[in-house]
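**Q** Heads up: the protein sequence lines correspond to chains R, E, B and G, in order. So the first sequence is numbered by UniProt numbering: it starts at 1 and just counts up by one. So the second sequence is numbered by UniProt numbering: it starts at 1 and just counts up by one. So the third sequence is numbered by UniProt numbering: it starts at 1 and just counts up by one. So the fourth sequence is numbered by UniProt numbering: it starts at 1 and just counts up by one.
Some clues are possibly wrong.
As the list claims (entries may be wrong) - DMTMM-like cross-link-like pairs, simulated, lysine to aspartate or glutamate; straight-line CA separation at most 25 angstroms:
1) K197(G) to E393(E)
2) K261(B) to E152(G)
3) K225(G) to D132(E)
4) K212(R) to D194(E)
5) K225(B) to D403(R)
6) K197(G) to D132(E)
7) K225(G) to D349(E)
8) K197(B) to E122(R)
9) K46(E) to D232(E)
10) K197(B) to D403(R)
11) K70(R) to D194(E)
12) K261(B) to E134(E)
13) K70(E) to D116(R)
14) K225(G) to D403(E)
15) K197(B) to D194(R)
16) K225(B) to D132(R)
17) K70(E) to D132(R)
18) K73(B) to E171(G)
19) K261(B) to E134(R)
20) K197(B) to D158(B)
21) K261(G) to D257(B)
22) K225(B) to E122(R)
23) K225(G) to E134(E)
Hints listed in this document are in silico derivations from the structure and should not be mistaken for laboratory results. These numbers come from a predicted model, not from an experiment.
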Amino acid sequence: MTLLPSLDGWVRVMSSPAAVFTGLGLGIAIGLVSPESATALAPYGKLFLDLLGMIVLPLLISAVTVSLAKLFETGGAAHQVGRIALAITACMVVAAGIGLATGLIVAPGGNLAQTDIASLGEVVSSSEHQADFEISIIGTPSTAKPEQGLARFIAQIIPDNIFRALSVGDNLKVLMFSLMFGIAVGMTPRGRADALTSALETVFQSCQSMMKGVNTLLPLALCAMVAPLASDMAETPLGPVRAMTMFVSAQCIGALVVFVLFAIVIQQRTGCGFLAPITALREPLILAIGTRNSIACIPSVIESMSSKLGINRKDLELVVPLGIILCRFGPVVFFGISTLFIAQLYRIDLGPSQYMFILFASVMAAMASSGGTGVMTIGLMALLCNPLGLPFEAAVALFLAVDPLLDLVRTVLNVYGTCAVASIVCGRESDQEEEAPDFPPLKSLGI
Amino acid sequence: MTLLPSLDGWVRVMSSPAAVFTGLGLGIAIGLVSPESATALAPYGKLFLDLLGMIVLPLLISAVTVSLAKLFETGGAAHQVGRIALAITACMVVAAGIGLATGLIVAPGGNLAQTDIASLGEVVSSSEHQADFEISIIGTPSTAKPEQGLARFIAQIIPDNIFRALSVGDNLKVLMFSLMFGIAVGMTPRGRADALTSALETVFQSCQSMMKGVNTLLPLALCAMVAPLASDMAETPLGPVRAMTMFVSAQCIGALVVFVLFAIVIQQRTGCGFLAPITALREPLILAIGTRNSIACIPSVIESMSSKLGINRKDLELVVPLGIILCRFGPVVFFGISTLFIAQLYRIDLGPSQYMFILFASVMAAMASSGGTGVMTIGLMALLCNPLGLPFEAAVALFLAVDPLLDLVRTVLNVYGTCAVASIVCGRESDQEEEAPDFPPLKSLGI
Amino acid sequence: MTPRSGLALVLLAVMVLLIAVSPSRADPPPRPADIDRILRRGTLIVALTEADAPPFHVVTDGVLSGVDIDLAKGLAQSLGVAVTFDRSARSYDEVVETVARGQADIAISKLSRTLVRARSVSFSPPYLTLRHGMAFNRVWLARQMRDHDMAEVIRGFDGRLGVVTKTSYVEYARRIFPRAEIVEFPRWADAVPALVKGEVAALYRDEFEIRRMINEQPELALHLKTAFLTDTQDHLCMVVNPRDTQLLQLAEIYIEDLNPKLTVETVLARLGKVAPKQGDTP
Amino acid sequence: MTPRSGLALVLLAVMVLLIAVSPSRADPPPRPADIDRILRRGTLIVALTEADAPPFHVVTDGVLSGVDIDLAKGLAQSLGVAVTFDRSARSYDEVVETVARGQADIAISKLSRTLVRARSVSFSPPYLTLRHGMAFNRVWLARQMRDHDMAEVIRGFDGRLGVVTKTSYVEYARRIFPRAEIVEFPRWADAVPALVKGEVAALYRDEFEIRRMINEQPELALHLKTAFLTDTQDHLCMVVNPRDTQLLQLAEIYIEDLNPKLTVETVLARLGKVAPKQGDTP
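Next comes chain R alone, as it looks inside the complex (with noise of 0.2 angstroms):
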């Protein structure tokens, strides 16, 4: 009975925006004072992010699946569904443009002076990257050619085995099957299926549950997760930044562009005020920041969007899911800026076709990029590169510099489109709240 109230404050407290600013400024002073504490702190940051993981596939299939029958079985179905996947490849094109103009515009890679070219091959030198290239001259050709394009793409989405794409976490795989399924459940004649909907939805309620007791850790994970990160950044030297800075910029122009944007695009869905597009969707941005997995941020999203800027819940749960695995702005941002980054910094002219393919294939690879980190996106230049010919090898190692900071831009980009995505095709909550809480406080369970 004593330890129920400090439990109900502990949550109280530990989801308040104060308690996540000091858990990241705590973090910055250790990481700064005590690189061995940080040192100390990191398997706990990491602990974190592996309880966010372990609820994150239960979460998704259970999302989608049940929503999709729900929404199979009301019938409009094929037009609902439509005007997600139109809405997303739109956002995603929209985004796609604008980074290529900002690459045009800013043109991060054209006129650098010769010392920052110099220093930019320094970076690329002293990478850990840059494997030497070994070669027998007198050797077998290679027999397998890698698949390119399309069927790669394609491979990547179809799961020969689901249960094998669960276990090493292949999210689009995963949200392959769970769309296939949800269209199948919600196919079986009216009534037969509510026990397993019910009992799905159930998990999804419970994963979402277990999901926000979780983020009431997040001010300590934070501080855990940043301590080791605040004495790396202070140890190394800022050379490869500094020489990058004009690319850092053009990613950060293009993804404020956006942003604002998307910004526009919510207020003007929601009606809401002048700032609250982004005071109202606060939670769900400081986790992106925090963790850097857009995926944590689908509880937090869902329930500011439905409690604040009052959208449908029903619908939120289908289609946040599959925006934060789908719209992946950020990528589709970086691409862009990059590929054009990469032609003006070996003075590739490029045509209009060129332009057109850059666009397109941009947006193939961001969704490619899907549940991969950072250094993998990044691997995925190949993709744009390959075909144009341009040489993308010691670009990565520059890339690769100044991740830790686009990769946290490119998780806030992923989460704020899909708030945007979410508002253009989610219905306003017309009747009231029916439902009680999902996360009732812990005294109405009579313990």
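Once you've looked at the hints, dock chains E, B and G against the given chain R.
**A** What follows is chains E, B and G alone, placed relative to chain R:
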């Protein structure tokens, strides 16, 4: 129709203790008389264990999730969970203390004659586990330091992907997820989770039925498993075992003390007859000896304790799976005695603070050994010996030489300890069984 | 002193005397002529090129140092004699001639083992083995790699290939890359800018010099991609006069027992110390 | 018979006649001096140390046997001569001198290849290569490994390191473990108990002797942990006089063609046969 009486009879015959002892005796006889047949039988024993292994994970998830969900739904959960945790911890610490005391009093490694030490040395040098250590004197220093202590322990418990934990069979991680998931399900509004819990309950009941069905094969499997063991035992020289006589005796004495203590606890809590704690639990104990797999004993423990000792079945369904995984009384006693054995062997004096460390580290190491094999359990000696600066490498070879026997002792202690913990925290069966028996006679199935 | 130890001392003295008197043990065993010559002279004469070749032998602040110098000193030390350097030779071939004429005992001067030189002198086992290396213009390479993988591009190389004139790489290039258009540069320093500008698609030289280029001008890494041919070799050996067989054996054992062995990496690391950011000399 | 084959027969007969008449072909070809000397003498003189060194050369029941003896017999057999053993040398260095003076044809006597010896004699390729080995006191090691891993402990070794005096390992220890406190023992048999008692943290010797210790006293395995240094080498070679180049070549080919090769394991296995449970001699 003609098939049925024979099938029913089969179940009755094979479940009888007479059949079990016949299988055991036959296995030993085959092993001693015809080693070739024993070798040929070995794969069938493994098949039996595989069948058990197949059922373990679904059983674990469904049992823990359902029980916890119900507990939290009906209230009083925190209190109950606190009691279980307290009981398990207390029992573990008591067992660790007994192990430590046995090690101190029996002193298996102290006052060994020079000839004994010489024969121990011969066991070590003939062990295949003592690989040559080879090192290049001019080498790059290893950079990555393995995580140690608490962070590593927690990392072993928290899954980063529940499906991977399932596919590699990581019991501790699955248990952790089930615990969190069960609580989250229990916290969803009343009535909402019924579909899920009743589905999971069916899974649990089915797994129990399957396990009982598989266990009717126990007499045959015992024969197949014991035969190769007997032939091995008959062939291997007794040298190592004789040299380790003192150590094995100490282990057995420690285990026996803990066993008797548990028997007294069970008798006191259930108020049964003097020999009842052993006769009533005869079946799970035989299973533990036969399979050396404590998880395979879960249904048998639940059945025996509820039907013969009158413990509440609902409570058992939560406590027994938890206990089987967390109550590692066997390893706890083993670690305590083994650590002291090493210290005595090398004449290293330990102080009070070091004994305290052994007490708690052996509890941690024992829990970390959950789900591992005997060899892995012995490997965890590093967790105790490394911080104390005890040389355990040579001793590991000694322990491995006598592990087939000690593994048996440990399994029995784990299962029996779980029974004791269950008798402490579970209520008595107050009302009549209102549900159908788990394994209805086949005739009633209308076949 | 106990009586016992006194007795032991007397016995020892007697034994020493006996050994000293015994005629067969008194004579030192005859020494091979070449070792005898060096020991009598009390110094090992080592031939080097007149020009510096960092980090193998280079004069910094009036002090001669480098990998070759360390090897020479170590060898002399194991003979128990001093070391004298003969830097009169103006080219690598002249160093070989110095030894062939008997003017120096041994040559340790970044000398490649070649069949022509092997006509007149004996080679020790290699103390450093280099592979052949290439540096590609990244833009040219990326164009090629639209349709081919890197291994195909190298094995079927048909672009303009830059080499330094009058080095063995001119001949290697003709043999290994028959489809390439070979462009000869008088000096390495001319070849590098041509590669950066894309006037040649690749340069071809030994592994060490390719790595040295990137080490000294890291800014080139943006424009150049290096590759090393694993099944080609360029052996750096010591050279002795063919009649000095005992000295050759000493050099053999000395090189074989070197620990740690010399590697391209360790030698490159010395470059930073001996000759920081020095210009390229071919 | 065709006319063609008839012609061939006649030609053959003429050729045979020519060969038979030709004076230069009638004489046996001149033999190298060293081989000639051995063949004339009809016996190969092999130098060994006076003291036994099991299992390399050891007298059991009045019969000389061991690895070195087998090699000597095999070599003599391949020359088609008998074998005589010269066991007058009282130390390993004296064995080398015996050969340098020409008193024996070859020395096969567990001789390590060293640069000092290489001044006066020629070494064959090694017939057995040992690595350096260490034996640690397990208690000491466990204390160190609280904070460091095994590799760190060995590379930064700073405890008391036991070696046998007047062996090459005294010098190796100084070079490879500069931070160690080096403790010299007159005999190996004194060093082992000191290690078990923890008076020194580790012993340092060649791989073979370290293994032999554990093999002969398996009970030590409880107290000692062995480690072998992969990048260190101790070559056991045959020794010939530098002028006997033809004999050196024979030895080279003989060792290269040995099948199966000698390994530490096979030599250790012989130990059981030749000298079961014999005490340690340094």
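**Q** Please go over all the hints and tell whether each is borne out by the structure.
**A** Going through the hints against the structure:
1. Among the hinted pairs, K197(G) with E393(E) is consistent with the structure: their alpha-carbon atoms are about 18 angstroms apart, no more than 25 angstroms.
2. For the proposed pair K261(B) and E152(G), the alpha carbon gap of about 21 angstroms is at most 25 angstroms, so the pair holds.
3. With a C-alpha separation of about 9 angstroms, the suggested pairing of K225(G) with D132(E) holds against the 25 angstroms cut-off.
4. For the hint linking K212(R) to D194(E), the alpha-carbon distance of about 22 angstroms falls within 25 angstroms, and the restraint holds.
5. Straight-line distance between C-alpha atoms of K225(B) and D403(R) comes to about 23 angstroms, which keeps the hinted pair within the 25 angstroms bound.
6. Taking the CA atoms of K197(G) and D132(E), the gap is about 23 angstroms. The hint holds against a cut of 25 angstroms.
7. Our distance criterion of 25 angstroms between C-alpha atoms is met by K225(G) and D349(E), whose separation comes to about 21 angstroms.
8. Between K197(B) and E122(R), the direct Cα distance comes to roughly 18 angstroms. Compliance with the 25 angstroms bound is thereby established for this hinted pair.
9. A distance of roughly 16 angstroms separates the Cα atoms of K46(E) and D232(E); the hinted pair therefore holds under the 25 angstroms criterion.
10. As the CA atoms of K197(B) and D403(R) are separated by approximately 30 angstroms, the hinted pair breaks the 25 angstroms bound.
11. Taken as a hint, the K70(R) and D194(E) pair is honoured in the structure, with Cα atoms around 19 angstroms apart against an allowance of 25 angstroms.
12. For the given pair, K261(B) sits about 19 angstroms from E134(E) by alpha-carbon distance, which is consistent with the 25 angstroms threshold.
13. Between K70(E) and D116(R) the CA atoms are separated by roughly 66 angstroms; this puts the pair beyond 25 angstroms, and the hint is violated.
14. Among the hinted pairs, K225(G) with D403(E) is consistent with the structure: their alpha-carbon atoms are about 23 angstroms apart, no more than 25 angstroms.
15. Of the supplied pair hints, the one linking K197(B) and D194(R) is violated, its CA atoms being roughly 70 angstroms apart against a limit of 25 angstroms.
16. Taking the CA atoms of K225(B) and D132(R), the gap is about 9 angstroms. The hint holds against a cut of 25 angstroms.
17. Between K70(E) and D132(R), the direct Cα distance comes to roughly 60 angstroms. Violation of the 25 angstroms bound is thereby established for this hinted pair.
18. Note on K73(B) and E171(G): the hinted pairing holds, with a Cα-Cα distance of about 19 angstroms set against a maximum of 25 angstroms.
19. For the given pair, K261(B) sits about 21 angstroms from E134(R) by alpha-carbon distance, which is consistent with the 25 angstroms threshold.
20. For the given pair, K197(B) sits about 18 angstroms from D158(B) by alpha-carbon distance, which is consistent with the 25 angstroms threshold.
21. A C-alpha spacing of about 21 angstroms is found between K261(G) and D257(B), which places the hinted pair at or below 25 angstroms, so the restraint holds.
22. Of the pairs offered as hints, the one joining K225(B) and E122(R) holds, with about 14 angstroms between alpha carbons and a cut-off of 25 angstroms not exceeded.
23. Distance check on the hinted pair: K225(G) and E134(E) sit about 11 angstroms apart at the alpha-carbon level, within 25 angstroms; holds.
Comparing the model with each numbered hint stated earlier shows that hints 10, 13, 15, 17 do not hold.
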